[in-house]
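For the protein sequence lines, the chains are A and B, in the order given.
Quick note: the first sequence uses this note's numbering, first residue 5, plus one each step.
Quick note: the second sequence uses this note's numbering, first residue -19, plus one each step.
Please keep in mind that the hints were generated in silico from the structure rather than gathered at the bench.
The beta carbon of each residue, even a glycine, is placed where N, CA and C say it ideally should be.
Fair warning: there could be bad hints in the mix.
Said to hold, decoys possible - Facing chain B, according to a computed beta carbon distance under 10 angstroms, are these residues of chain A, among others:
(1) Leu45
(2) Ala170
(3) Leu178
(4) Ile230
(5) Val232
(6) Leu235
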Amino acid sequence: MLGFHDYVIAPFVEFAFMQRALAGALMLSLSACPVGVFLMLRRMSLTGDAMAHAILPGAAAGFLLYGLQIVPMTIGGLIAGIVVALGAGAVARLTIQKEDASMAAFYLISLSLGVLMVSLRGSSVDLMHVLFGTVLALNNDALMLIGLVAALTLGTFGIFWRALVAECLDPLFLRSVSRLGSPVHFIFLGLVVINLVAGFQALGTLLSVGLMILPAAAARFWTQRIEVMSLLAIAIGLLSSVSGLLLSYHASLPSGPAIILSAGVAYFASVIGSPRGVLLTRRRRIAHRTA
Amino acid sequence: MSACVTLDDLTLGYNSHPAVHHLNGAVAKGSLTAIVGANGSGKSTLMKGIVGVLKPMAGACKVASDVTLAYLPQQSELDRSFPARVVDLVSLGLWPRRGLLGRYRPEDREAVAKALSGVGLKGFENRPIDTLSGGQLQRALFARVLVQDADLILLDEPFNAIDARTVTDLIDLIKRWHDESRTIMVVVHDLDLVREHFPEALLLARRPVAWGDARKTLASENLLRARQFHEAWDENAPWCASDKGHNHVNPAHAHSDDVHSHDDLDHANRRGAA
Chain A
5 MLGFHDYVIA
15 PFVEFAFMQR
25 ALAGALMLSL
35 SACPVGVFLM
45 LRRMSLTGDA
55 MAHAILPGAA
65 AGFLLYGLQI
75 VPMTIGGLIA
85 GIVVALGAGA
95 VARLTIQKED
105 ASMAAFYLIS
115 LSLGVLMVSL
125 RGSSVDLMHV
135 LFGTVLALNN
145 DALMLIGLVA
155 ALTLGTFGIF
165 WRALVAECLD
175 PLFLRSVSRL
185 GSPVHFIFLG
195 LVVINLVAGF
205 QALGTLLSVG
215 LMILPAAAAR
225 FWTQRIEVMS
235 LLAIAIGLLS
245 SVSGLLLSYH
255 ASLPSGPAII
265 LSAGVAYFAS
275 VIGSPRGVLL
285 TRRRRIAHRT
295 A
Chain B
-19 MSACVTLDDL
-9 TLGYNSHPAV
1 HHLNGAVAKG
11 SLTAIVGANG
21 SGKSTLMKGI
31 VGVLKPMAGA
41 CKVASDVTLA
51 YLPQQSELDR
61 SFPARVVDLV
71 SLGLWPRRGL
81 LGRYRPEDRE
91 AVAKALSGVG
101 LKGFENRPID
111 TLSGGQLQRA
121 LFARVLVQDA
131 DLILLDEPFN
141 AIDARTVTDL
151 IDLIKRWHDE
161 SRTIMVVVHD
171 LDLVREHFPE
181 ALLLARRPVA
191 WGDARKTLAS
201 ENLLRARQFH
211 EAWDENAPWC
221 ASDKGHNHVN
231 PAHAHSDDVH
241 SHDDLDHANR
251 RGAA
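Using the sequences provided together with the hints, build the complete structure.
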């Protein structure tokens, strides 16, 4: 198994930057993938995308004021994300406008502000960095942040799991038996924002949502249980991270897109080959049971 | 009999248009009441008001303090494509007992299994909810109400699109709850069903037309009166003046077959303005 060792183990053993990248990507998968499962089941997959764009001006403001520093960029991103999430949520709850339209309005305004701010100072290289991240250059601060977000996310899931599931499955029922109905929606939006902020250090604002949605979308095809689906999404996320990093290392490709494309491969494999995918649901139609 | 639900000059509605207008009365503990009325007469709105998901525009709706409540809405916001099994859906009914963090105990699982066999869904435990038919889903939701084990049970049009056999099963279930002296309110459209199975009825036409013994409530003159209400909102309707205080002049509000005069007057004004 010399080949296996050379190709798969050695890069991570020999290079510290690969170890950091691996640690960051694994922690991200652990927390972002289950968040993605809930996003998908609430038909909010594209909301994740919108939120990812929405954090840009906050990150850009941090970048403008302090340069490429993780703490200000993160705090800025958090503030922008929370303003957009709460603003869009409030408009949807207080007016006749639905959340998709208000979210689109808020994120577009936010995104244009962000691009404006980046172009005020930086070169296009800076913009590229903010948009696409650098998983291979994660420093200690970034790793710490990702770890913190992962712990917070898993803790929140541990406490609010039942309410999150009930809110997705039957929101009116939850409101009739508990006061958690509205708060749990905002708690969930908060989870989306902090995971996107954690992700953009590694994958950039545009792609951080990829590690959320693609593994979840792939896992949807394999199971009808939300617990299993979440674990499967995490597994797909972990595998995509490893294979993406290796691909990036061996073929000298940018690491962020390589990770997300690996998840994309898992998605297409699931679309085609899974029990609920295209091939098997077609085949079942030809024969049928008596009852 | 003490009151389970007290309605005190209750007005519920949307955008300052009343859907339930100055309703007074009390629902006795252990009573079984059918709520009857045309489309738009305020039946579902009244239920939402009692559950508390809709706040009153005026007056108050009080549920006795030690009463637990189970509510089966007419238009469920249930997401049928959500990856859940029948047993997961029915287990939601354990929320009042176990809340957010309480572990499900063996007796909880037993209660769920008993509820499922009680509605004839034994063997459906592990079926995904998106494979159920409309009637099977309705029975599963009844099972959830069973699990909730509530003192006050509100069912909003539970017999819609349900086959005759299932209706009979569900009526039996409601009667069993009645025998266990739970308080039950059911929105029903089938008047024969009401006459046959419900001791009490409330006939709504935005205002209460009649409330009391089911057969008397559903007498033809009441039904005729209920039919004469104006279903559409009138944007130019005059503001209701009841808050100015002539309401308490008329003592015979509650539980009376007599329509209180103020409402009739208001109603006539509105029709005149239209």
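Evaluated hints:
About 6 angstroms separates the beta-carbon of Leu45 of chain A from the nearest beta-carbon of chain B, less than 10 angstroms, and the hint is met. The interface hint given for Ala170 of chain A is met, as the beta carbon of that residue sits about 6 angstroms from the closest beta carbon of chain B, less than 10 angstroms. Given the 10 angstroms rule on beta carbons, the hint for Leu178 of chain A holds: about 8 angstroms separates it from the nearest Cβ of chain B. At a threshold of 10 angstroms, the smallest CB-CB gap from Ile230 of chain A to chain B is about 5 angstroms, leaving the interface hint in force.
With a least beta-carbon distance of about 9 angstroms to chain B, the hint placing Val232 of chain A at the interface is held under the 10 angstroms criterion. The criterion of a C-beta within 10 angstroms of any C-beta in chain B is not met by Leu235 of chain A, whose closest approach is roughly 13 angstroms, and the hint is violated.
Checked against the numbered hints listed earlier, the structure breaks hint 6 alone; every other hint is satisfied.
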